[in-house]
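Residue numbers (the numbering used here), protein chains in the order written: chain Z, 123 to 278; chain L, 123 to 278; chain B, 123 to 278.
Warning: the hint list may mix true and false statements.
Which copy is meant is left open, because identical chains are indistinguishable; a pair holds if it fits in one copy or across any two.
Pairs of lysine to any residue, SDA-like flavour, derived with a Cα cap of 25 angstroms [said to hold, decoys possible]: (1) K198 with N179; (2) K198 with E246; (3) K198 with D128; (4) K257 with M232; (5) K257 with A172; (6) K257 with D125.
Because the hints were derived from the structure by calculation, they are not lab data. Values in this document were obtained by computation on a predicted structure and should not be read as measured data.
Residue-level listing of the chains:
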Amino acid sequence: MIDLLDLLAFHADYADTIDSDRLEEWPGHFVEDARYVVTHVENIQEGLSAGVIYADNRAMLEDRVAALRQANIYEKQRYRHIIGLPKFLEREREGERIQCRTPFVVVRIMAGGDSLLFASGYYEDRLVRDGSALKIQARLVVCDSTAIDTLMVLPL
Amino acid sequence: MIDLLDLLAFHADYADTIDSDRLEEWPGHFVEDARYVVTHVENIQEGLSAGVIYADNRAMLEDRVAALRQANIYEKQRYRHIIGLPKFLEREREGERIQCRTPFVVVRIMAGGDSLLFASGYYEDRLVRDGSALKIQARLVVCDSTAIDTLMVLPL
Amino acid sequence: MIDLLDLLAFHADYADTIDSDRLEEWPGHFVEDARYVVTHVENIQEGLSAGVIYADNRAMLEDRVAALRQANIYEKQRYRHIIGLPKFLEREREGERIQCRTPFVVVRIMAGGDSLLFASGYYEDRLVRDGSALKIQARLVVCDSTAIDTLMVLPL
Numbered sequence: 123m124i125d126l127l128d129l130l131a132f133h134a135d136y137a138d139t140i141d142s143d144r145l146e147e148w149p150g151h152f153v154e155d156a157r158y159v160v161t162h163v164e165n166i167q168e169g170l171s172a173g174v175i176y177a178d179n180r181a182m183l184e185d186r187v188a189a190l191r192q193a194n195i196y197e198k199q200r201y202r203h204i205i206g207l208p209k210f211l212e213r214e215r216e217g218e219r220i221q222c223r224t225p226f227v228v229v230r231i232m233a234g235g236d237s238l239l240f241a242s243g244y245y246e247d248r249l250v251r252d253g254s255a256l257k258i259q260a261r262l263v264v265c266d267s268t269a270i271d272t273l274m275v276l277p278l
Numbered sequence: 123m124i125d126l127l128d129l130l131a132f133h134a135d136y137a138d139t140i141d142s143d144r145l146e147e148w149p150g151h152f153v154e155d156a157r158y159v160v161t162h163v164e165n166i167q168e169g170l171s172a173g174v175i176y177a178d179n180r181a182m183l184e185d186r187v188a189a190l191r192q193a194n195i196y197e198k199q200r201y202r203h204i205i206g207l208p209k210f211l212e213r214e215r216e217g218e219r220i221q222c223r224t225p226f227v228v229v230r231i232m233a234g235g236d237s238l239l240f241a242s243g244y245y246e247d248r249l250v251r252d253g254s255a256l257k258i259q260a261r262l263v264v265c266d267s268t269a270i271d272t273l274m275v276l277p278l
Numbered sequence: 123m124i125d126l127l128d129l130l131a132f133h134a135d136y137a138d139t140i141d142s143d144r145l146e147e148w149p150g151h152f153v154e155d156a157r158y159v160v161t162h163v164e165n166i167q168e169g170l171s172a173g174v175i176y177a178d179n180r181a182m183l184e185d186r187v188a189a190l191r192q193a194n195i196y197e198k199q200r201y202r203h204i205i206g207l208p209k210f211l212e213r214e215r216e217g218e219r220i221q222c223r224t225p226f227v228v229v230r231i232m233a234g235g236d237s238l239l240f241a242s243g244y245y246e247d248r249l250v251r252d253g254s255a256l257k258i259q260a261r262l263v264v265c266d267s268t269a270i271d272t273l274m275v276l277p278l
């Protein structure tokens, strides 16, 4: 049985992994054949499946982190995720698999200290219990703004 | 008995109704003779009861949504509510009616993709249990800034 | 035993004390010999213990509040804390003392109504149970930006 407290702990953990710059642990929040898609609201409204980022297995996420670590073409930056309150959408398999939607905002902090509201949106997740933790089977990250695309570097 | 988990689920649901553009469901979060007032901190500090928005029954909220859907005089926009952690103020009737205060920020996203921190403030609520859900008997939305008034379109 | 619901209630209470301008109650969230340090990420990364603010007992926090109330050299302002989801780091003494990390953003609202995203960062806390409430033994406030220092007036 997955309850609201499990969800809160999961989201806290996920955000902390990214914001503490432990990116190598980020793919560990996903099951091996997980789907991870970043898109924006207009794509969703128009029924487009095209995402700004698209991965359908964990190895692709690992590659992405490796690329981030090697490439130094982007300005150094950090994120601060503030994850809102999750809403259950569906429970399956006696509550051991759930779907939920959770709003977020992300502040981006550049090396020089400038901060800005970088992104807002929501996660639409399918999560499963894996031992004591929850793992992502599918995460759709829907950004509110279409203006985000070219700036994205760190995972959301 | 209304506990913190009930409050979290309630707030998640309320915000999702607005941010997912299911405005017609928004009045359903209120009891029939509910009071809904939007005001700002200075009005509160000066003891003024004047609100930017004032409704003392659910039908007025339904009218408001209908007007929003018909009128197209405002630029298309969406909100993203991030609702903070609720604080219990009082429990009445053996915990089946409670008062709580909950901070929020709202990001506004315009059709063109521009996002801005639109509002911050707190909800001061009187909530009652209604079956498995909580409903609003009275919601006072206190915005931190007085500069918000003329811009407000969607509900907070 | 301190659980996630205790943490949520604690953080809600702490933020509300500051944002409701009940600053005199703020030191009451700390034990008498508590440590309270405000610093930023770069200091932490470089292993510097220097903080923008440093206090190692509650009396220093009380002095700070008194000074704030007397001095009128700064422009009138308020904060709105949005505190994210806490993550447990460690449990000690059979769970009666815990360490946790919790992200935050703070919006600053000036007297004229201007709002801005003032600070983001995280709390790294050691908390103990004290009756029905939790109290702070040590709070490290790590701001994401180094650009915050000279502007800080109200507690974070």
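Can you tell me if K257 and D125 fall within 25 angstroms by alpha carbon in one copy, between copies, both or neither? both (14 angstroms within a copy, 21 angstroms between copies)
With identical chains treated as interchangeable, where does the CA-CA distance between K257 and A172 reach 25 angstroms or less: within a copy, between copies, both, or neither? within (24 angstroms within a copy, 39 angstroms between copies)
Same-copy or cross-copy closeness of K257 to M232 [CA-CA at most 25 angstroms]: neither (30 angstroms within a copy, 34 angstroms between copies)
Which holds for K198 with D128 at a C-alpha limit of 25 angstroms: within a copy, between copies, both or neither? For K198 and D128, the Cα distance exceeds 25 angstroms both inside one copy (33 angstroms) and across copies (36 angstroms).
25 angstroms Cα threshold - placement of N179 relative to K198: Intra 27 angstroms, inter 37 angstroms, cutoff 25 angstroms: neither.
Between the shortest in-copy and the shortest cross-copy C-alpha distance, which are at most 25 angstroms for K198 and E246: within, between, both, or neither? Answer is between: at 24 angstroms across copies they meet the 25 angstroms cutoff, but 28 angstroms inside does not.
This entry does not satisfy hints 1, 3 and 4, going by the numbered hints stated previously.
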